[in-house]
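A.B. asks: Given next are the chains, with one letter for each unit.
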Amino acid sequence: MRKRKEKTVKTFVGTLLICAEFVAVTLMAANHVMAQTSRLNIQGSTTVGPIGDAFAEAYKAMHPDLNITVNKTGSGDGAAAIVDGRCDIAMMSRFMKDTEFKKAVVNDIFPVAHVIAMDGVCVIVHPSNPVKALTSAQVRAIYKGEVTNWNQVGGPNLPIVAISRDTSSGTYETFEELVMKKEKMASGVEYVSSNPQAHARVSTTNGAIGYVGLGFLDMKVRALQIDGITPSRETIAKGKYPVSRPLFLFTNGYPKLGSAIHEFCTFYLTEKGQEIVEAKGFVPLTNY
Amino acid sequence: MRQSDRSPNVGVANNTSVQAVVEFSRPLLLTPGQDLFGYLASRAGRAFIFLVTCVSVLAVLLIFYFIVREAVPFVMLGSVKESLARVVEFLTRKNWFPEHGEHPEFGALTIIVGSVYVTLVALVFAVPLGVLSAIFLSDIAPFSVREITKPVIELLAAIPSVAYGFFAIVVVAPWLQNKFGFTTGANALNAAMILALMAVPTIISVAEDSLSAVGREIREASYGLGATRTETMLKVVIPAAHSGIIASIILGMMRAIGETMVVWMAAGMAAQIPSPWWDLSQSVRPITATIAQEMGETPQGTPHYYSLFALGVLLLIFTFSLNLVSEHFMSRVKLKGGSA
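First to last, the protein sequences are chains A and B.
Residue 1 is where the first sequence starts when you use the working numbering, and the numbers rise one by one after that.
Residue 289 is where the second sequence starts when you use the working numbering, and the numbers rise one by one after that.
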């Protein structure tokens with residue numbers, strides 16, 4: 001029994017050693033490769049993140065020697081990173097603020113914006129809800145807690161369950177700016193942490209109202225007309241729909257033509273790029 | 289369980305005599321070099337093991353240090369009077385709008401109440417379930433049932449919390465809405481039920497251990513005096529194991545109060561105190577989920593960022609004091625075991 005235990009321990013130690021060696025060799029190899037190739041450091045918005053990830057993956061397949069890292073920590077972080085020169089491309093779901101731009105100029109960095117897609121935030125309700133259209137003022141009143149029952153906006157006598165994305169998400173930021181006009185939401189508003197979760201909550205709750213990106217619409221929820229405009233690829237791409245916004249990549253100056261950064265920032269123009277934008281639930285910039 | 293443990297013990301005891309012969313086949317006299325090497329090797333081994341242990345202790349201390357360090361700027365800003373006013377606002381006001389541009393408000397009372405509320409309701413479900421199951425497993429269940437039940441219950445603890453959260457949103461929330469007519473299914477009741485499920489394995493295994501630790505002779509003495517099984521259970525075994533049971537409840541409470549993902553998904557995250565206070569169908573917002581939700585995009589060095597660390601300090605104080613209390617009860621279990 002004891003012998004067997006010793007043997008097991010020895011085997012275990014042996015395996016560990018082999019593993020350690022393997023890791024060391026891999027690390028050395030990785031270092032070696034990294035030394036030879038260029039790196040592309042991308043940082044920023046969680047909203048643009050899925051596009052950035054998919055672009056990076058497709059791009060890596062074409063240029064296997066390129067090392068791309070994508071960090072999704074928020075538009076604010078992206079702006080800070082490009083302003084400090086810590087990244088090559090910043091993904092942002094809003095335009096750069098004056099203060100950020102001024103800091104960039106002080107740091108000898110000249111931020112240039114590339115619009116790669118349009119994002120529409122659709123207000124959704126349960127399919128059984130007869131309300132088909134609201135004005136943005138009504139939506140704002142619902143989230144401010146001034147309207148608490150659907151019969152106040154022409155619906156059945158049913159309490160409204162207002163569902164918002166968490167305050168750190170890009171979708172929330174858009175909604176807060178374009179619909180809430182920076183006013184505070186009521187304390188009874190519920191928060192969920194992702195688009196699929198918002199969709200799941202609305203599709204299972206009769207009195208719910210929520211908001212998600214265009215790509216998350218399906219038969220289980222119904223998108224409302226806002227100010228008389230139905231959210232669709234066309235109305236969002238043209239910016240007619242009130243809750244739509246462009247998604248940006250920011251670079252330091254316009255990238256050198258033919259460089260990796262330039263190719264990445266224009267990737268959305270390729271067929272593959274358009275497919276990716278659409279697959280991630282955004283609106284590609286083709287049909288202005 | 290205990291029976292299966294015994295057989296390998298016997299095996300080892302038999303082998304030691306054989307082993308001893310093998311030991312003596314080594315040279316009895318070591319050269320000074322070998323002697324020194326052996327001494328140094330054992331010293332180095334000890335030092336290494338000591339350092340490894342230090343890593344985890346150090347990690348705890350560093351976590352404390354960094355969280356408190358980041359929370360201090362939230363409290364200490366401006367004059368003493370202003371700092372005091374901010375702490376009072378933090379602990380007593382209900383408006384939590386830390387990210388608002390012009391008029392941020394840092395009233396964390398709703399969030400603190402949310403955490404305590406969900407935890408206490410979870411305990412209401414988990415304590416009877418856990419303690420009764422522990423009693424069943426330790427004293428009533430036949431050996432074969434126990435052999436199957438225990439691993440299954442322990443499996444509950446192995447399910448990732450995000451899976452629980454998903455279950456809460458997709459299954460429990462619609463069920464609550466359709467069955468009980470709640471306006472929203474993501475509420476205090478939903479979160480508390482799932483938390484109870486997560487705390488139950490902890491409660492069962494610790495409580496069961498302490499019940500099993502009550503000696504067989506004590507039970508036999510009780511039976512010998514003519515007590516029935518119920519009387520033995522209620523008047524002898526449970527009182528004897530009470531510190532362990534209390535410790536198990538506190539450990540379960542720590543599990544519930546520290547849980548993040550489930551409450552984030554299931555509690556609804558509305559920053560409000562349920563009114564009336566017993567209305568479990570309303571959404572609440574616990575501390576852990578607030579930190580997880582808002583940490584992501586909060587710029588460093590802003591009052592909002594520091595306020596989240598202040599919430600973290602509160603949470604640390606909660607869990608640390610609970611830990612102290614449970615240590616107190618656990619040490620009493622150990623003392624009793626030693627004297628018996």
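No wet-lab data here; the hints were simulated from the structure.
Quantities reported herein were computed from a predicted structural model and do not represent experimental measurements.
Using N, Cα and C, we set each Cβ at its ideal position, and we do this for glycine too.
Keep in mind that a hint or two might mislead.
To be verified - One-sided and incomplete, this derived list gives chain B residues near chain A with beta-carbon spacing under 10 angstroms:
| id | residue |
| --- | --- |
| 1 | Thr398 |
| 2 | Glu508 |
| 3 | Gly512 |
| 4 | Gly514 |
| 5 | Ala559 |
| 6 | Thr586 |
A.B. asks: Run every hint past the structure and note whether it holds.
C.D. replies: Hints, one by one, checked against the model:
| no. | hint | verdict |
| --- | --- | --- |
| 1 | Thr398 | holds, 7 angstroms |
| 2 | Glu508 | violated, 34 angstroms |
| 3 | Gly512 | violated, 40 angstroms |
| 4 | Gly514 | violated, 46 angstroms |
| 5 | Ala559 | holds, 5 angstroms |
| 6 | Thr586 | holds, 7 angstroms |
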